[in-house]
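Protein chains in written order, with this note's numbering: chain A, 1 to 275; chain B, 1 to 190.
Keep in mind the hints are simulated off the structure, nothing from the lab. Treat the hints with care, as some may be off.
Capping the alpha-carbon separation at 20 Å, the derived lysine to any residue pairs in SDA-like fashion look like this [stated by the list, open to error]:
1. Lys188/A <-> Met1/B
2. Lys48/A <-> Asp22/A
3. Lys2/A <-> Ala120/B
4. Lys2/A <-> Ala151/B
One side of the interface only, derived from the structure: several residues of chain B facing chain A at Cβ under 7 Å [unchecked claim]:
5. Gln30
6. Leu38
7. Glu41
8. Gln42
9. Val65
All figures in this text were calculated on a predicted structure; none of them were measured in a lab. Ideal placement from N, C-alpha and C gives every residue a C-beta, glycine not left out.
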Amino acid sequence: MKAAAFDYVAPQTVAAALDALDAEGEARILAGGQSLAPLLNLRLATPKRLVDIGRIAALRRIEDRGDHHRIGAMVTHAAIEDGGMALADHGMLAHVAAGIAYRAVRNRGTIGGSLAHADPSGDWPSALMALDARAVAAGRAGEREIAIRDFLRGAFATALEPGEMLTAILLPKLSAAARWGYYKIVRKAGEFPEAIGAALFDSERRRARIVIGALGSAPLPLDNLAARAAEKGIEAVALDAVEAALREAAPDLDRIALRHHAVAARRAILEALAP
Amino acid sequence: MIPITLTVNGRRVEATVEPRTHLADFLREQQRLTGTHLGCEQGVCGACTILLDGVPARACLAFAVACDGAEIRTVEGFDGDPLMARLREAFSAEHALQCGFCTPGMLISAYDLIRRLPEADEARIRRELSGNLCRCTGYVGIVAAVQRVLAEVPKAATAPSPAAEASPSARADTPLWGKIKTALGAKPKA
């Protein structure tokens, strides 16, 4: 199908983009378009105006900010996959990026677009939550930072207010001791996953995270389980224990989904903690 | 209607487009370049894959208006390109197509794969081509065709240089690519 008619603007600065968002009528931000363009072509989305932020050079930069990196919202999955920059993440982002859809999609799709789209099956929501990243939202009143677990409100729902846009992701640097795991259950390479497990253990920073993704809503952090794994090791997080923790946190999951997600999480934990 | 200027297969093109017109429709309907095929129009099938500023992209998921200033290369734009010539020969020799609908996108993805991942084994080739659907061949011939071309590229010439991997736009002019071109160009036709 073909998209319904829309107006199009391509501002050069964040300020101009915010102006365009503010103007009358429903406006949507166009980042890399790899999720939005299908929705437009299928007419599941029919905005009055698209604000293309692809011409804002500042959004394509990655900056070292001491204890974290600031990743511009328009940095593509392919740029992260190719790893041109040292992110102090032990390669986790490059690994996650390489598993997103297909190269032709990764060349245009962006980390910020994916996060703001907040598809429960997307990779960045789960991975960035496990990494304790923060989202930077720009609005009329300036910028504000939002922890990813507060930013993601549900399926396709974020903490962005009307008139705000996501401009960057703040990625904390991991210590040398950090270990991570990321496992997706996918029926075909590049397809949307059935289940996502993300695990991060950084003993020096005293941080332990297990996140379950590809649920019907926002990714689910299992903090108690992660703390137990960090304290007692992989024996404390056998598949039964993971499944029990998940059943408690998400009682609505059917048996098949429960097992899928528990297995994905268990495999991510094993990747992170196995000697 | 919005005016745009872009380069299509080395030719400068000035046109006016409706914002909702995607690049594949622009190429097919306004430029009469019907080698770019449309299957799903939602980014899944890969038939419309073209090179946008030197890297593969879905032409159905890029709006033409957003491609102002871009450099587009479609399957029609590879005359005299030694790597694409070898790929076409290999696709024919290995029966890598039957109906041919997926072939333009397959060729573009294979072209990128060989330049980006000259050491790819069969499993990697299959993973890299997973974004291009073929409903005729079962992929065996396609994978064999890519392997055939990769085997023609001498391994000594394909040690990936970090600079080439870091910057996709710089890839076309790397020493590695020069060596591949030389190696392929020197090869007698099958």
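Do the hints match the structure? See the list:
A threshold of 20 Å between alpha carbons decides the hint, and for Lys188/A with Met1/B the separation of about 40 Å lies outside it, so the pair is violated. Only pairs whose Cα atoms come within 20 Å are accepted, and Lys48/A paired with Asp22/A is accepted, the gap being roughly 13 Å. Distance restraint check for Lys2/A and Ala120/B: the Cα-Cα separation of roughly 37 Å exceeds the 20 Å cut-off, and the hinted pair is therefore not satisfied. In summary, the hint linking Lys2/A to Ala151/B is not supported, as the alpha carbons are separated by about 41 Å, beyond the 20 Å threshold.
With a least beta-carbon distance of about 14 Å to chain A, the hint placing Gln30/B at the interface is violated under the 7 Å criterion. Proximity of Leu38/B to chain A is violated relative to the hint, the smallest CB-CB distance being about 10 Å (cut-off 7 Å). The interface hint given for Glu41/B holds, since its Cβ lies 5 Å from the closest Cβ of chain A, which is under the 7 Å cut-off. The beta carbon of Gln42/B comes within 4 Å of a beta carbon in chain A, closer than 7 Å, and the hint placing it at the interface holds.
Restraint check, Val65/B versus chain A: the minimum CB separation of about 5 Å is within 7 Å; hint holds.
Hints 1, 3, 4, 5, 6, counting from the list given before, are not met by this structure.
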